[in-house]
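> This is what each chain is made of:
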Amino acid sequence: MTNLVYLVPLFPLIGFLINGLGWRVLPRTIGGVIGSTSILASFAVSLAIFFETIQGVNTTVVLFDFIQSGNLYIPLAFRVDSLSALFLLIITGIGFLIHVYSTSYMHDDEGMVRYFAYLNLFVFSMLLLVLGDNYLVMFIGWEGVGLCSYLLIGFWFKNKAYTQAAKKAFVMNRIGDLGFLTGMLLILYHFGTLTYTDFFAQIESGTHPVSNSIYNWIALCLFIGAMGKSAQIPLYTWLPDAMAGPTPVSALIHAATMVTAGIYMIARSSILYNMAPDTLQFIGWIGCATALLAATIALKQYDIKKVLAYSTVSQLGFMFMALGMGAYTTAVFHVMTHAFFKALLFLGSGSVIHAMGGEQDIRKMGGLGKHMPITRTTFLIGCIAIAGIPGFSGFFSKDEILAATFVQNPAIYVLGLIAAMMTAFYMFRLYTLTFTGAFRGTEEQRKHLHESPAAITIPLIVLAVLSIVGGYVGLPPVLSEHHVLTSYLEQVVTNNLHHHLAHNTEWILLGVSSLVAIVFSIAGYRANKNPDFRPNTGLAKVLENKWYVDELYDKVIVQPVLGGSKLMETYVEKRGIDGIVNGVGKLVRRGSEKIRFLQNGQVGFYLFAMVIGIILLFSISFFWIK
Amino acid sequence: MPIQYYIFLSITLFCIGIMGTLMRRNAIIIFMCIEMMLNAVNLLLVAFSKLFEDASSQIFVFFIMVVAAAEVAVGLAIIVMMYRKVHSVDINILNRLKH
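Top to bottom, those sequences are chains A and B.
Residue numbering for the first sequence follows the numbering used here, beginning at 1 and increasing consecutively.
Residue numbering for the second sequence follows the numbering used here, beginning at 1001 and increasing consecutively.
If you are wondering where the hints come from, they were derived from the structure by calculation, not from laboratory data.
No incorrect hints appear here.
Some chain A residues close to chain B (C-beta under 7 Å, calculated; not the full set): (1) Val603; (2) Gly604; (3) Leu607; (4) Phe608.
Since the structure is predicted, the reported quantities are computational estimates derived from the model, not experimental observations.
C-beta: ideal position from N, C-alpha, C; glycine also.
Could you build the full structure based on these sequences and the hints that come with them?
Structure below.
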């Protein structure tokens, strides 16, 4: 079955082609069915491949030679091993659930077939990204998901603000892509190959001794790509604005898959990053800063999707923190659990928005739990998981991250713990304001409240179950000798931690995390049980306005670039190039006006001209021709 | 006699001829000036023939005279035909070339 791995991206590609070419003629439900079944087929193949990798299968499947020029050989090849199989399952599994959800969520949207075409294209690109055997195929997928992100964020293209958000996402992604490309070129220059196996073999065997700084530069450039794709400081501001897209899109792209591409890339390149300790430290600090910053902003947001968006940025910060400590499998573990509960939370919020008829402001919600029990319960499970309350999946992965930071860099541990406190607080604030208390919306909206149909609630239930049990593949050493996920991923990537924790310390850390999670969750509930929404002042106002980062970027980067382009337009374009082109025309016209007078019909003038001509000819022949 | 005298005279005659061609209005006077230019050149050729003791330039002078005669014949014939149309030999009036 591993030989048939090309089927996994092929099914979504076919789905994209059918939906994309037939969007004018296909009825909406057929579009939904085609989109969903293609992902289901991919999921089936991924499952088969997954079982094979459990037994240790670990191969490359070459499709064809893509680039072959002199010494440069880059095939279009797929790498099948435990890391890519895990991501395949996450992408196709959660992707399928979201497709099913979308058939109900988008069922009265005119562009539904186009929507499913874009979703399938996105899944196709993401699958290319994780299946690639070399950095170039990964980059093709990398760019593809950026494109689909643009298409899907700006799905309701008639709204100008949405299209601007899509443009912002794409441009910021692009800035990161420049770093990725530079990194790829550096690898090619120093090592002559982009294929993972060759590259890593060269690093380990030391056949191409390269100075440490080169490793750091390559790692840094690749990380800049990850910064853009996975929304770290400073390239994170596109993600909250990306909430302009339909909610299932936010769930798929900005919670479960695209934003995890950066982490996948670094985990895949763990051997490279082990040789670049300075960059790893940098990554750790950036992750920590991002986690903190986003958590503070989420404390004071009033749009349900924006809270979840900043929560995503913050959790991604946690993942990069883990990577920075060298804990690659831990980061992948958190990717998995985060995919479950964040997709759950986003889909739950979609259910809420659907019931509220499009309202997204939590100040207008409240007491929805009575009307939407399934949504309420699954959302609660998601909140418990993300807060890190013991027993649910988020607890295990987050605690593993914090344990890794405690070992490597206690300062980051403290900051990470603070971010975890804020996470619990704002998530329960969100839950409380949305589902408990009295309803604060209009009478019109109250009549419309109802539980969502099965196509929406069943994915919620499935994801809720996964959020609970998904953590048990990664039990900490004090609870179990056998860390299932680590041993599964062992062939491809392992943690590179410098020390190990004593058992006592481990128990203390577990206890601290649990305590923090429970205390701050309850605090979040109690602080928002009876809310009053006075206009914010002081620090709260700064948080509500996202630390004015967007305004800062606008002043420092956007306006100068626009000003520069206006300058170019006036001086280079209008005066320079237009001047030259129009000038040629003007020259010809004026010249001909003057020369016209030579032909006036007067014989005397013609004689004069003849004489002048003869004199000129003689003088030229005399003086110039040697 | 030093050769410069002949050269100066020849140049002077030639320049007078050119000025005349360009400045006079009467077509027949213009022809006379053209003849003057040709004669200036003839003079120069003969002078150089004596200077370099080479008789070939004198042969060339004969050719020039022949050509001058033929050209005058044709030119005067044209002027006579135009006089019959316009009844004037003023070249400012003879500007039919423009149309």
